[in-house]
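*Asks:* Single-letter residue listing:
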Amino acid sequence: MSDVIGDVSKPDRLDVLLTEYFRPETAPAGLARRIAAAARESGSALERLERRLGIEATSRGVSLVRTGRPAKPATAAARRLAEQAREEIHEYLRGQRAFFRVPVDLTAVPDFQRRVLEAAEHIPFGEARPYAWIAARIGHPRAVRAVGTALGRNPVPLILPCHRVWRSDGGLGGYIFGAGIKDGLAALERTTPVLEGCTSTRIVCRVGCIHGRHMRPDNRVVFASVDDARSVGYRPCKVCRPAA
Amino acid sequence: MADERGLMARVARGDQAAFGDLAQRYSPKLLAVAGRLLGSRADAEDAVQRAFLQCYAGAAGYNARWAVSTWLYRILTNVCVDELRRRATRTAHDERSAPGAFSAASGNHQPPAAYLDLHRALARVPREARVLLALRYVDGLSYGELARIRGISINTVKSQLARGKTLLRDELGKRGAGHE
Numbered sequence: 001m002s003d004v005i006g007d008v009s010k011p012d013r014l015d016v017l018l019t020e021y022f023r024p025e026t027a028p029a030g031l032a033r034r035i036a037a038a039a040r041e042s043g044s045a046l047e048r049l050e051r052r053l054g055i056e057a058t059s060r061g062v063s064l065v066r067t068g069r070p071a072k073p074a075t076a077a078a079r080r081l082a083e084q085a086r087e088e089i090h091e092y093l094r095g096q097r098a099f100f101r102v103p104v105d106l107t108a109v110p111d112f113q114r115r116v117l118e119a120a121e122h123i124p125f126g127e128a129r130p131y132a133w134i135a136a137r138i139g140h141p142r143a144v145r146a147v148g149t150a151l152g153r154n155p156v157p158l159i160l161p162c163h164r165v166w167r168s169d170g171g172l173g174g175y176i177f178g179a180g181i182k183d184g185l186a187a188l189e190r191t192t193p194v195l196e197g198c199t200s201t202r203i204v205c206r207v208g209c210i211h212g213r214h215m216r217p218d219n220r221v222v223f224a225s226v227d228d229a230r231s232v233g234y235r236p237c238k239v240c241r242p243a244a
Numbered sequence: 001m002a003d004e005r006g007l008m009a010r011v012a013r014g015d016q017a018a019f020g021d022l023a024q025r026y027s028p029k030l031l032a033v034a035g036r037l038l039g040s041r042a043d044a045e046d047a048v049q050r051a052f053l054q055c056y057a058g059a060a061g062y063n064a065r066w067a068v069s070t071w072l073y074r075i076l077t078n079v080c081v082d083e084l085r086r087r088a089t090r091t092a093h094d095e096r097s098a099p100g101a102f103s104a105a106s107g108n109h110q111p112p113a114a115y116l117d118l119h120r121a122l123a124r125v126p127r128e129a130r131v132l133l134a135l136r137y138v139d140g141l142s143y144g145e146l147a148r149i150r151g152i153s154i155n156t157v158k159s160q161l162a163r164g165k166t167l168l169r170d171e172l173g174k175r176g177a178g179h180e
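Just so you know, the protein sequences line up as chains A and B, in that order. In terms of our numbering, the first sequence has 149 at position 149, counting the first letter as 1, and numbering is strictly consecutive. In terms of our numbering, the second sequence has 26 at position 26, counting the first letter as 1, and numbering is strictly consecutive.
No lab work stands behind these hints: they were computed from the structure. The structure presented is a predicted model; accordingly, all values stated were derived computationally and were not measured. In this text, a Cβ means the ideal position worked out from N, Cα and C, and glycines have one as well. Take the hints with a grain of salt, since some may be wrong.
Some chain B residues close to chain A (C-beta under 7 Å, calculated; not the full set) [claimed, not checked]:
| id | residue |
| --- | --- |
| 1 | L84 |
| 2 | T89 |
| 3 | Y115 |
Every beta carbon over 10 Å from chain B, so not counted as near; a handful from chain A, in silico [what the hints assert, rightly or not]:
| id | residue |
| --- | --- |
| 4 | R51 |
| 5 | R79 |
| 6 | Q84 |
| 7 | L106 |
| 8 | V109 |
| 9 | F112 |
| 10 | Q113 |
| 11 | P124 |
| 12 | G148 |
| 13 | K238 |
| 14 | A243 |
Next up, chain A with everything else stripped away, as it sits in the complex (with noise of 0.2 Å):
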């Protein structure tokens, strides 16, 4: 089916030791029913969220995340920040987004809490932190407790990931959607890629560029750095900034 080692020169003794050491290995009984009953039940509780979320912006970016009806946007500009967070939103509980673009409007919130949101936002996609991560990245190593109402306040949650903070011993901690939907995130996360290059532009993307939006497919692969994406012949997006 698929060609022999197709090497012009003889195997030697490093090209057999590959080929033992990459030796397929026994697949465990039931990985496939396993794999088969997974492909049934995926999803399904992040996609109840988006449905009943409701987004509220102004005209600087997006003022609310809440489940409920939200209030009608006051101006034109405010309307369409409501829509690409929707979209963002959607992207990224599909596992098609690793970053938001959309503005947020924090004007309304406290010093204190826009700082622990600020510093939450430092975390890196798929990452968990500690509460008190966030306590001493503020400077106030002692505001374990304060650190965690203000997040569980944060009034755009997804958007600010307060989803990424967890408790020093590995515990969820709260979440202002429920720690079902915190550890569902987590697992997204953990599933979702966050550099991915395009085969026929040879352009390594975050994901979730406009660029990647029209990708096929079958024109997707993963990368690990910007560095590994550069070693073997791509070049950085430079809408995205992969690099920065």
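For chain A, the structure is supplied; the task is to place chain B on it using the hints.
*Replies:* Same frame as chain A, but now just chain B:
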């Protein structure tokens, strides 16, 4: 080959039995690739499961000009490479951070003693070359297939493999277990 494409068409229509067949047929090789790249059996099973889920969800977008194996290897290497990225970020954080942060749950899977030197030497090969070596040796894939799986040129495949093998020879030589 034709029957494999037929299998994919059934998977795209949501045929669970066909999906089971596909998983059964390709799991051993996918597990070997993922296991060697990620270093643990549990992580490998997780990666293979995720790859099959993506394959199931995206079966309708499968390009019938491709061999099914090429498509599956593409999806699997995408999953594994992203997992390697995550580990690199996590390790960087753990090295900098104070106690109280989460520990990296990296696999401490030890291969059989005979391959320990090779295992360690491979860890020094750059990621992209390591991925290509795994695909090359687990299934004897051609340069053309490797190029298609990673979306790179055939010349890049060749130079990456050559560079990877040179590094391996150097490393194994240092340990006194290299080729003659």
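*Asks:* Which of the numbered hints above does this structure break?
*Replies:* 11
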